[in-house]
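There are 6 protein chains.
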Amino acid sequence: MEELLFKARTLTEALPWIKAACGKIAVIKYGGSAMTDAALRESVAQDIVLMKLVGLNPVIVHGGGPYIDDYMGRLGMEVEFVDGLRVTDDATMELVKMVLVGNVNKTLVAAINRHGKFAIGVSGDDANLLTAEPISERLGRVGRVKRVDTSVLMRLVDDGFIPVIASVGVGEEGGSYNINADTVAGEVAAALGSEKVIFLTDVDGLYRDVEDPSSLISSLALGQAREILESDALSSGMIPKVQACVEALDAGVRRAHVLNGAVEHALLLEVFTDEGVGTMITHTGEGG
Amino acid sequence: MEELLFKARTLTEALPWIKAACGKIAVIKYGGSAMTDAALRESVAQDIVLMKLVGLNPVIVHGGGPYIDDYMGRLGMEVEFVDGLRVTDDATMELVKMVLVGNVNKTLVAAINRHGKFAIGVSGDDANLLTAEPISERLGRVGRVKRVDTSVLMRLVDDGFIPVIASVGVGEEGGSYNINADTVAGEVAAALGSEKVIFLTDVDGLYRDVEDPSSLISSLALGQAREILESDALSSGMIPKVQACVEALDAGVRRAHVLNGAVEHALLLEVFTDEGVGTMITHTGEGG
Amino acid sequence: MEELLFKARTLTEALPWIKAACGKIAVIKYGGSAMTDAALRESVAQDIVLMKLVGLNPVIVHGGGPYIDDYMGRLGMEVEFVDGLRVTDDATMELVKMVLVGNVNKTLVAAINRHGKFAIGVSGDDANLLTAEPISERLGRVGRVKRVDTSVLMRLVDDGFIPVIASVGVGEEGGSYNINADTVAGEVAAALGSEKVIFLTDVDGLYRDVEDPSSLISSLALGQAREILESDALSSGMIPKVQACVEALDAGVRRAHVLNGAVEHALLLEVFTDEGVGTMITHTGEGG
Amino acid sequence: MEELLFKARTLTEALPWIKAACGKIAVIKYGGSAMTDAALRESVAQDIVLMKLVGLNPVIVHGGGPYIDDYMGRLGMEVEFVDGLRVTDDATMELVKMVLVGNVNKTLVAAINRHGKFAIGVSGDDANLLTAEPISERLGRVGRVKRVDTSVLMRLVDDGFIPVIASVGVGEEGGSYNINADTVAGEVAAALGSEKVIFLTDVDGLYRDVEDPSSLISSLALGQAREILESDALSSGMIPKVQACVEALDAGVRRAHVLNGAVEHALLLEVFTDEGVGTMITHTGEGG
Amino acid sequence: MEELLFKARTLTEALPWIKAACGKIAVIKYGGSAMTDAALRESVAQDIVLMKLVGLNPVIVHGGGPYIDDYMGRLGMEVEFVDGLRVTDDATMELVKMVLVGNVNKTLVAAINRHGKFAIGVSGDDANLLTAEPISERLGRVGRVKRVDTSVLMRLVDDGFIPVIASVGVGEEGGSYNINADTVAGEVAAALGSEKVIFLTDVDGLYRDVEDPSSLISSLALGQAREILESDALSSGMIPKVQACVEALDAGVRRAHVLNGAVEHALLLEVFTDEGVGTMITHTGEGG
Amino acid sequence: MEELLFKARTLTEALPWIKAACGKIAVIKYGGSAMTDAALRESVAQDIVLMKLVGLNPVIVHGGGPYIDDYMGRLGMEVEFVDGLRVTDDATMELVKMVLVGNVNKTLVAAINRHGKFAIGVSGDDANLLTAEPISERLGRVGRVKRVDTSVLMRLVDDGFIPVIASVGVGEEGGSYNINADTVAGEVAAALGSEKVIFLTDVDGLYRDVEDPSSLISSLALGQAREILESDALSSGMIPKVQACVEALDAGVRRAHVLNGAVEHALLLEVFTDEGVGTMITHTGEGG
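Residue numbers (my numbering), protein chains in the order written: chain V, 1 to 288; chain Z, 1 to 288; chain G, 1 to 288; chain X, 1 to 288; chain E, 1 to 288; chain R, 1 to 288.
If we strip away everything but chain V, and leave its shape as in the complex, we get:
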């Protein structure tokens, strides 16, 4: 009976969050362990379907770093990095696309669709939804987002689908570009005027002091996030995420979250309970 009461309280606790979310869009950057661990992927898939069912429309963005390295190794392709970015020639780009679009994307799509026909996987080529431009000649087919065409995304969302976007862009002169998936998530969230953008990563959030686990920041104002970015306090993997958060908020998104995707159902707890988990960045630092 105790347990039933607790269940009932959990469900009613979700009521105001569900009401507030109704009809809005949440862009979720999928990555980290949640991508590589099958059980966590299943838990994320459940959370995403539940969000859709109760009226908060998820749009997923993903990259696929580790899988690419693996295949490049098996094919004996050489990996070269410049300033932390993978130099991407045409052959590498072909492989990147195969891994992202034909493997990572469809694996998540299939996990979601075991709960019903919800997910449709797309990449920048589809209906030209992500147009890209090269970052530098040196890096070859590494690109940045030039334009997000939201029309096909909105149509899919309105038709009851969950778009799952592989972070590959199409060049205006043709050809594909590999784009950082964190950046794509921020840009898509901004272009869709989404309510929130959520980054699933493998840490619990941002820390005041990276050395001190007790210094986890639960909520943060946009201005403070900017200061942290300008300091040296962030790990290299965290930089594009916080950058994307800042840019999305600048473009009108109301809340950005960094969650630990290794915690089961982190997404659900963040979205539908009072406590939340991870770090939330808002314009004022106080609930958006």
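Hints listed in this document are in silico derivations from the structure and should not be mistaken for laboratory results.
Heads up, a few of these hints could be off.
Because identical chains cannot be distinguished in the list, a pair is counted as satisfied if it fits within a single copy or across any two copies.
Below, a list of computed lysine to aspartate or glutamate pairs in the EDC-like style, where the Cα atoms sit at most 16 Å apart [said to hold, decoys possible]:
| # | residue 1 | residue 2 |
| --- | --- | --- |
| 1 | K24 | D159 |
| 2 | K117 | E173 |
| 3 | K117 | D149 |
| 4 | K19 | E195 |
| 5 | K146 | D232 |
| 6 | K146 | E247 |
| 7 | K117 | D158 |
| 8 | K24 | E195 |
| 9 | K19 | E133 |
| 10 | K117 | E172 |
Since the structure of chain V is already known, use the hints to place chains Z, G, X, E and R on it.
Then chains Z, G, X, E and R, alone, in the frame of chain V:
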């Protein structure tokens, strides 16, 4: 953390129920303590709004017995019963309608609408939605349902509203009729082709042996429910409920539930958790 | 044959009025003898249905003074007035609501619906359509309109229904408020951007000299109506009506009418014939 | 005041007829004095617009006999008749079309449209709506209806327009055919599943005895109409009208009327008053 | 095979033009040999249907000069000209309308509709689409366009039809006016915000030197067209066409074309091939 | 000029084909040289866009044999065949999916989308559109179509998109299956009730005598196609194509075509010219 895990599990436990409920209709007979106790009313209102938000469309039916007795007493009107039914002359009918439509109905409507503009209260007169005919000359304006016009109800449901129906019917020759609210709930559920009909009452459900609290029946086949009806095992208040369950199932409703409305959030637990509470009657006795 | 010609002329006389009315809204304050006399009520119901059928959408507003006094007397409740307004404690408010919503409202709804499923009765609680605030602490639950939410009214009108509104508002902190029905009619007309607002009362209209029946004013400019309001020329019952006319016109309503509801089919004659009856107030005093 | 009462009664008398007519279609064969007399034409135009405004959708069909004769005379073209039908060579057909489509049709269209943009004139060529086939080689371009394509008519009606159809058909191998307008009216009424078909002519209706003005028949059963057709009791001009009535009723039209278009507003009186004028033919002879 | 290749190239050459045209409107002034020669009319009809099918919506405008002269002669009516404009009394106007609306219009409508139910013929009377005013008292019923009501045209276009408009306007006080069809075409194009307006005439286009056939101008800037208009370089028949081109472009139309309708399929070649034929006027003289 | 005439004739020749195609669906199996040769791919992309623009809705299906072999070789994976079918273990399946979905699919999608945002690539996982089941345990993840869910395809088509389907199915118990693309094309055509199914291959069509190039069959009845299938006359690559043709026609598709994709614009010539190229199979062998 333990607690968070439990919350997450409660929410994901709701997933298959939400998926199954999506777009369907649940007719809820509101009554008993849930009607007379303000805190319970608030809890029921929350449950109803949550159902609506996650896609299971509630349609509420209610009567108002105790309130009627109270006003009749204050007005010095005499109460006469024949075969357990209140003899209802025109003056009584006027009062019944004032209490049901102008008091009980709007009190629930207001409780629901503290969460947003969801509920609209109606009675049989509105768009002629409940047509009634007299049961016997002796009883005056006590009626039975002759026809449910579902068109206005469906329009309200499709427009995002929650109809709250007072159990008063309009006669074909004019005039109003007082109809048993349990019966109205069953007829409305049947006419709407609803997925389920739920009776909020003050007992935990049906018992194999009324004397023995441990003999609560958790699920029951339609045939067994019919046998119980024909036996003498039911209290007089329970008879019209079980009768209405049987008739609703005969007309194609898939599940009928008898719940204890005095248990906070009984509705929510029944609809969105695996255990359920109260007694469920289905065609086969096994989950419908 | 003479008679047929006259009929034909009457019908063609209606043509320009019907053309002008097509798709517009007329808010009608229902009250006076038309409310208390069954034959007049039937005549008003017919007029309202005819208006709806030929394309002028009626929205009805009503109070219920005399009925409230009657029940208060029977219940031995004390009636106290301050500045002409009934002091309304919680018990009185409960009764007011029962009379207005459960009796007067449904009686008119039923009279209209004998011609087809047109009318749906609502009050401020329904979909939170009338939000109220208290006038003064002294008067208890006597309120004024704070906000009219027209969305549910427009949806009912567009779906082919005739909304019938009882003048009870819902407080922002919960609880109900009794609002003057003339005021509600004016506010609803303004909020709906309606073409006209019509007050059914028991006098033939406004008089230049209340003592002199031959001084009935047939049309009046808004400025003149304001002057009359500021003078002492109006009976106390007429003041809120003229006030409501003035406020409705200020808010953009094009014509306000004061009609004698004791004249059979006054509504029809006013709306669909060249002569009109009663007093019409427009911005310029010349046909709006 | 007397007069006002009479007006009010006339308008309320129209209520049940308007209710019954709502959304239905009435095909009107326009001809006789109503076509040649400007004042009568104006009166018919008013009646048609009023019908449209209150929800009974008129579809007009017309021929143009007298105007054709006039132009043929002025052009010195020879008129030859076989079995009462005008032999129609290609030059005659060109003239017929010019008169019907370019003159009679637009004159009525313009009369209607002085009340608003309601009427759109069409002939069989437009969207191929009337396909015709020749009656006999001898008669040249005299045709009968082969197929009515109602799709464009229904679209015009649904878009709020009044189609005015000149009785010219298009041959399957090209070329135009002159078709009897009474027949076209009957066929169009049948194809549209219209509620009624009305023939405006210059007599008061059908007579039991053509010699005896007091023997005017006010209503008639289909069977009796068939008997009259087979007897010799009808004038030659009346035969195609009664024939068209019979065929329309056989095809499911509910009421056929023969009215005297020389009576001002005959249309209005027939459709919206209790008495009606002229002769009505129904399946049973008793109001259809 | 050679031939097949050429066919394939022709079809693919059409691709960018079809893409650019999709959903836009082209107003076509129909006249000259294409109106009087049956084979050319058939070729124009085909071109128009093909344009419609591939998504460029044609709206046709026509006059009918030569046919009018012919009938006036046969009827012995006197033709008087003032400043090159036909003095038009009421009898002449009646004839003009019969010829334009009942003959020229329906002949083109029928030619188009041999390919399916596409065309619907209208004139200014229909839904009051062209309102006219007199040019001068002297000229009688010669008018200019006062207002184009595009609502019915757009509805026909959206419903999949091709409107064919006879250049007859309706006066605000009633009566018809004969309007120059070139002018009507320009005004209709402007009112519809159409992509292009095309004049089918009997010359190959505009010439730098009318005497020198080799001086045909293939494209022209709006400014240059204006200069030519102000010079004396144009034949009297060409003046209203160039004037209409200039006014249409001033009102926002993007391209105006003057084509030789005596060249088979000139329309098709102009619209769907790279070369084009005739003279194109654009804002800059370089493809609009 | 000669050339212009020929162009005009080519375009008008397309008219009846465009008219007949309007709003219908053509499923195209993309493969052979048209897949591997960049110039041919560009030509096919143009043809597909032109079909879409003129109203014949293409739905593309493709496999990707040669690309798979290539990658398997580079990864040192062993290729084993049983009865001509590639034994497909989980690692092979992962690679197949990467090649088909992430490479071949997006390459065609990008080629089409250089003409506008038309194509959206999907595979069986997306919205669960292709459900598969294994053919035999021995072959591992080689599957056959179990169910085609056309709802998402129809929505994409109706929204103006061109679906491009990679022939990968999702198992009911999860996991992917490699399905023969010819078979998928036939099943998709049948499920969509498409007008035609077209196989792009590298031969000119079916031959009466494979040795004799002059024996190319231009049209064939369904019965004859069945006979050919049962004889030994077909090459192994042609068998699944003819089988798919036969099954599609049995399921109601009207025409099946086998075309040589190595001929530039073969698709366009087949669909929009009178001659056609390749072999057409219909129910009667005479144009379907």
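Evaluation of the provided hints:
no.: 1; hint: K24 with D159; result: within (14 Å within a copy, 18 Å between copies)
no.: 2; hint: K117 with E173; result: between (35 Å within a copy, 15 Å between copies)
no.: 3; hint: K117 with D149; result: between (24 Å within a copy, 10 Å between copies)
no.: 4; hint: K19 with E195; result: within (13 Å within a copy, 24 Å between copies)
no.: 5; hint: K146 with D232; result: neither (28 Å within a copy, 53 Å between copies)
no.: 6; hint: K146 with E247; result: within (14 Å within a copy, 40 Å between copies)
no.: 7; hint: K117 with D158; result: within (14 Å within a copy, 19 Å between copies)
no.: 8; hint: K24 with E195; result: within (6 Å within a copy, 28 Å between copies)
no.: 9; hint: K19 with E133; result: neither (40 Å within a copy, 26 Å between copies)
no.: 10; hint: K117 with E172; result: between (33 Å within a copy, 12 Å between copies)
Going through the hint list in order, the structure does not satisfy hints 5, 9.
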